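Undergrad: Each chain, letter by letter, is given below.
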Amino acid sequence: MSNEVINNLKAQSSSTKIVDSEQHLTQSITALPCEMQPERDLWSGIERAIHNMPQQPATNIENVSAFKKFTSAVPMAWAASLVLAVMVSWFTFAPSMLTQPNEQIAHRGAVTEDLVQYMEQNFIQQKQAMQVSFRQPNLTNLPIEMQNELTKLAEARKTISKALLADKHNVDLLNLLDFTQQQELKLLEQLYRQYQVI
Amino acid sequence: MNLTKVINDPRQQLNIADGDAVNRGSDLESQWVYQAKQGSQHAFHHLYQSHHKRIYALCWRMLADKDSAEDVCQEVFVVLWQKITNFRGESKFSTWLHSVATNVILGHLRKQKNWLQRVFSIEEQVSNLVEPSEKLTDNSTLESLDKHIARLPERARLVFVLFAVEGYRHEEIASMLKMAVGSSKSQYHRARTLLKEWLEIEGYDAVTPESGDA
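So the protein sequences, as listed, match chains X and D. The first sequence begins at 39 in my numbering and counts up by one. The second sequence begins at -15 in my numbering and counts up by one.
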């Protein structure tokens, strides 16, 4: 038998083997059992774990991404906490600004007061528009920790506004108010999106 | 007809001529889901009975360890209890449950201290050297392919189970495992090549004694 014939036979045998192994694997996959029986009873442990364990409030997001979205809200909560931390630092360590001439202070104070009012109105309008677009969600259906973060953030915003009325020339406080308003809007939007339930 | 069994095995569902029975089974499950969402542990137990073997099989195949599979299977149902209110019936309950289970399993793997080690394949080199009998507590009841799946390197095993057994697309797997789509495909190819080799050797070993006798 010539070498060529032998090589052809080898090649045929090899390709047949590949097809066989492919088929064998495919058949094995199809034949895999859908179920396996755990050795120990798992229910008793589950029953103990879920006893008195609250279920999450229903959302309209039907898969595990709800959980991911929930966890993604946590950084926003941290942002809220950061605002508070910045505020505490500010009110503790901010230098006194009362060394400037009275006229300058009065003028800049009037401008700032207008600006604060404008910012507050703008913030309320944005918040209302958002609530309307999300069909007036009921915030009491949110998880307690999220409600707490929102409350803290709203209180922080109010405190900054009050501080600005007493210290009208303070540009840093103005920036802090703007930052706080934006954080509150972002957190609200994120929560509304994932708990449209509400 | 045992409705629980029908619900358990979709292959049986396909073979059943009595479509009403399937509908009744599905209705029954919908009722259990509804009641479980209302806080009924009794209904939740029915759901557990219907699905825990399939979820355990998924856990076992992805984790390749009996004890971890049992623990994670329990975790899946605890998470399910918390999140079942999110199920709105837009997909099949079993499909939704499997996606919950897959996420819990992957979360479990990520939480493990040696996750980085696992990802960066140090473990993979060791894995190939470990015989299935050493790796598994009890493999006597396992199908041949399952024994080999357990031998696969972790990433190849996860991709193979998710693609070939669970029916996910490579894009979804890549997203779940935080890898490139191409990596998912190459890991799948790697898994198939290894499995084919091992099945071939197994077939050869099974035939050899008879050949010797003859």
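Because the hints were derived from the structure by calculation, they are not lab data. Keep in mind that this is a model prediction, so the values were computed, not measured. Incorrect hints may appear among the rest.
[Said to hold, decoys possible] Okay, the calculated beta carbon distance ranges per label pair:
id : chain 1 : residue 1 : chain 2 : residue 2 : range
1  : D       : GLN66     : X       : GLN220    : 30 to 36 angstroms
2  : X       : GLN75     : D       : GLY73     : 51 to 57 angstroms
3  : X       : LEU177    : D       : GLN66     : 18 to 24 angstroms
4  : X       : ALA192    : D       : ARG153    : 42 to 48 angstroms
5  : X       : LYS196    : D       : LYS76     : 45 to 51 angstroms
6  : D       : GLN33     : X       : LEU177    : 36 to 42 angstroms
7  : X       : ALA192    : D       : GLY73     : 33 to 39 angstroms
8  : D       : ASP49     : X       : VAL170    : 50 to 56 angstroms
[Claimed, not checked] One side only, chain D facing chain X, incomplete, derived with CB under 10 angstroms:
id : residue
9  : GLN25
10 : CYS57
11 : HIS132
12 : LEU161
No residue lacks a Cβ here, since even glycine has one placed at the ideal position from N, Cα and C.
Undergrad: Each hint should be assessed against the structure and marked as holding or not.
TA: Here is what the structure says about each hint:
1. D/GLN66 to X/GLN220: 30 to 36 angstroms: Holds, at about 32 angstroms.
2. X/GLN75 to D/GLY73: 51 to 57 angstroms: 29 angstroms, violated
3. X/LEU177 to D/GLN66: 18 to 24 angstroms: 21 angstroms, holds
4. X/ALA192 to D/ARG153: 42 to 48 angstroms: About 44 angstroms separates the Cβ atoms of X/ALA192 and D/ARG153, which means 42 to 48 angstroms holds.
5. X/LYS196 to D/LYS76: 45 to 51 angstroms: Check passed, 49 angstroms falls within 45 to 51 angstroms.
6. D/GLN33 to X/LEU177: 36 to 42 angstroms: 39 angstroms, holds
7. X/ALA192 to D/GLY73: 33 to 39 angstroms: Given a distance of about 36 angstroms, which is inside 33 to 39 angstroms, the answer is holds.
8. D/ASP49 to X/VAL170: 50 to 56 angstroms: 52 angstroms, holds
9. GLN25: 7 angstroms, holds
10. CYS57: Constraint on D/CYS57 satisfied, holds at 6 angstroms.
11. HIS132: With Cβ-Cβ at 9 angstroms, under 10 angstroms, it holds.
12. LEU161: 15 angstroms, violated
The structure does not agree with the numbered hints 2 and 12 stated previously, though it agrees with the rest.
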